[in-house]
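Protein chains: 2
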Amino acid sequence: MDHPRKVRLAAFLRDVWDEGRTDAVGTYLAPRYTIHHDPGDPWDGRELDVSGFRDRLIQSRAAFPDQRFDVQRMFADDDAVVATWLWQGTHLGDLPGFPATGRIIRMSGATAYFFDAADRLTGHWQITDRLGVYQQLMAGRTAALTASSP
Amino acid sequence: MDHPRKVRLAAFLRDVWDEGRTDAVGTYLAPRYTIHHDPGDPWDGRELDVSGFRDRLIQSRAAFPDQRFDVQRMFADDDAVVATWLWQGTHLGDLPGFPATGRIIRMSGATAYFFDAADRLTGHWQITDRLGVYQQLMAGRTAALTASSP
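Residue numbers (the numbering used here), protein chains in the order written: chain B, 1 to 150; chain V, 1001 to 1150.
Don't read these hints as lab results, they were simulated from the structure. One thing to keep in mind: the hints can contain errors.
Simulated pairs of lysine to aspartate or glutamate, EDC-like, Cα-Cα distance not exceeding 16 Å [what the hints assert, rightly or not]:
{"hint": "1", "chain 1": "V", "residue 1": "Lys-1006", "chain 2": "B", "residue 2": "Asp-77"}
{"hint": "2", "chain 1": "B", "residue 1": "Lys-6", "chain 2": "B", "residue 2": "Asp-70"}
{"hint": "3", "chain 1": "B", "residue 1": "Lys-6", "chain 2": "V", "residue 2": "Asp-1077"}
{"hint": "4", "chain 1": "V", "residue 1": "Lys-1006", "chain 2": "B", "residue 2": "Asp-78"}
{"hint": "5", "chain 1": "B", "residue 1": "Lys-6", "chain 2": "B", "residue 2": "Asp-116"}
{"hint": "6", "chain 1": "B", "residue 1": "Lys-6", "chain 2": "V", "residue 2": "Asp-1049"}
A few chain V positions that, by computed beta-carbon distances, are all more than 10 Å from chain B [said to hold, decoys possible]:
{"hint": "7", "residue": "Val-1007"}
{"hint": "8", "residue": "Pro-1031"}
{"hint": "9", "residue": "Thr-1034"}
{"hint": "10", "residue": "Asp-1066"}
{"hint": "11", "residue": "Arg-1068"}
{"hint": "12", "residue": "Gly-1097"}
{"hint": "13", "residue": "Phe-1098"}
{"hint": "14", "residue": "Thr-1142"}
Heads up, the beta-carbon is just placed ideally off N, CA and C, and yes, glycines get one too.
Looking at chain B on its own, in the form it has when it is part of the complex (with noise of 0.2 Å):
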């Protein structure tokens, strides 16, 4: 973990996913951010301004206010790190189709991020397990639904 853009890479996922620090995105972040692949995310194949990456975190973080990722390993080749992870918070806000129900969520994935030569980062390219999230939200509102029936 010794590699300087792993070091970044954990810092900028804390900071910036974990914690939500709007005002650190511009610490971390290449003027343009390319979204290359991210399928459901909303912003999959979008280039981001560092304010438009703003909007994008606080609106990805609204369900889960408290989230944390566990990065499982970190790969560097050339220009680029790669995280392995797990990920976790709790359903606290709405989304589409499935209100609120203090569940905790889990999910896992692997993203690529990319670096110019000044260490900040340009893009990513990402794969999450979104079946497993859908599996847990529909069985959390089932078990919502079952609870509110006479």
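Once you have looked at the hints, place chain V on chain B.
Coordinates of chain V only, in the frame set by chain B:
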């Protein structure tokens, strides 16, 4: 791509997964292959010997015999090579709940492969976009039911 383990991983994906050559499995695999994390894979968490891996290969490829991996990029670090990939196969064999439709199914994923000192594969950690596949299979089933209705 001239990193020797990247070349070796590309050959493994081609010979074993694209072409389904059970005779090639022993060339690439260590005596034990551990599936560390692979949500939805029936072999998730298991340790396979070469014979067990051949069984997995045959069963996994049965529904999509013309499957092809299109590697987007590889990342080598220490004992590992991570591949980000797209995949496609024609749904020619039945899956539980999803009879064969002849439709092309597409998937994307990221896999960290681990090597031993003899450059043999000792296991993987993988994420695939299962929800994307599920949605395509559901659309195919709906289309088949509609076509067969009186």
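Hints versus structure:
In summary, the hint linking V:Lys-1006 to B:Asp-77 is supported, as the alpha carbons are separated by about 12 Å, within the 16 Å threshold. A threshold of 16 Å between alpha carbons decides the hint, and for B:Lys-6 with B:Asp-70 the separation of about 14 Å falls inside it, so the pair holds. The suggested pairing of B:Lys-6 with V:Asp-1077 holds, with an alpha-carbon distance near 12 Å, which does not exceed 16 Å. Between V:Lys-1006 and B:Asp-78, the direct Cα distance comes to roughly 14 Å. Compliance with the 16 Å bound is thereby established for this hinted pair.
Taking the CA atoms of B:Lys-6 and B:Asp-116, the gap is near 14 Å; set against the 16 Å cutoff, the hint holds. The straight-line distance between the Cα atoms of B:Lys-6 and V:Asp-1049 is roughly 34 Å, outside the 16 Å bound, and the hint therefore fails. With a least beta-carbon separation of about 14 Å from chain B, V:Val-1007 lies farther than 10 Å from that chain, consistent with its non-interface assignment. Its beta-carbon lying about 23 Å from the closest one in chain B, V:Pro-1031 satisfies the requirement of being farther than 10 Å from that chain.
In this structure V:Thr-1034 is separated from chain B by more than 10 Å, as the shortest Cβ-Cβ distance comes to about 14 Å. The beta carbon of V:Asp-1066 sits about 22 Å from the closest Cβ of chain B, which is more than 10 Å, so the claim that it is off the interface holds. Every beta carbon of chain B lies more than 10 Å from that of V:Arg-1068, the smallest distance being close to 18 Å; the non-interface claim holds. Under the 10 Å C-beta cut-off, the non-interface status given to V:Gly-1097 relative to chain B holds; the minimum distance is some 14 Å.
For V:Phe-1098, the condition that its CB be more than 10 Å from all CB atoms of chain B holds, with the nearest at approximately 14 Å. The claim that V:Thr-1142 lies off the interface holds: its Cβ sits roughly 18 Å from the closest Cβ of chain B, which is beyond the 10 Å cut-off.
The earlier numbered hint that this structure contradicts is number 6, and it is the only one.
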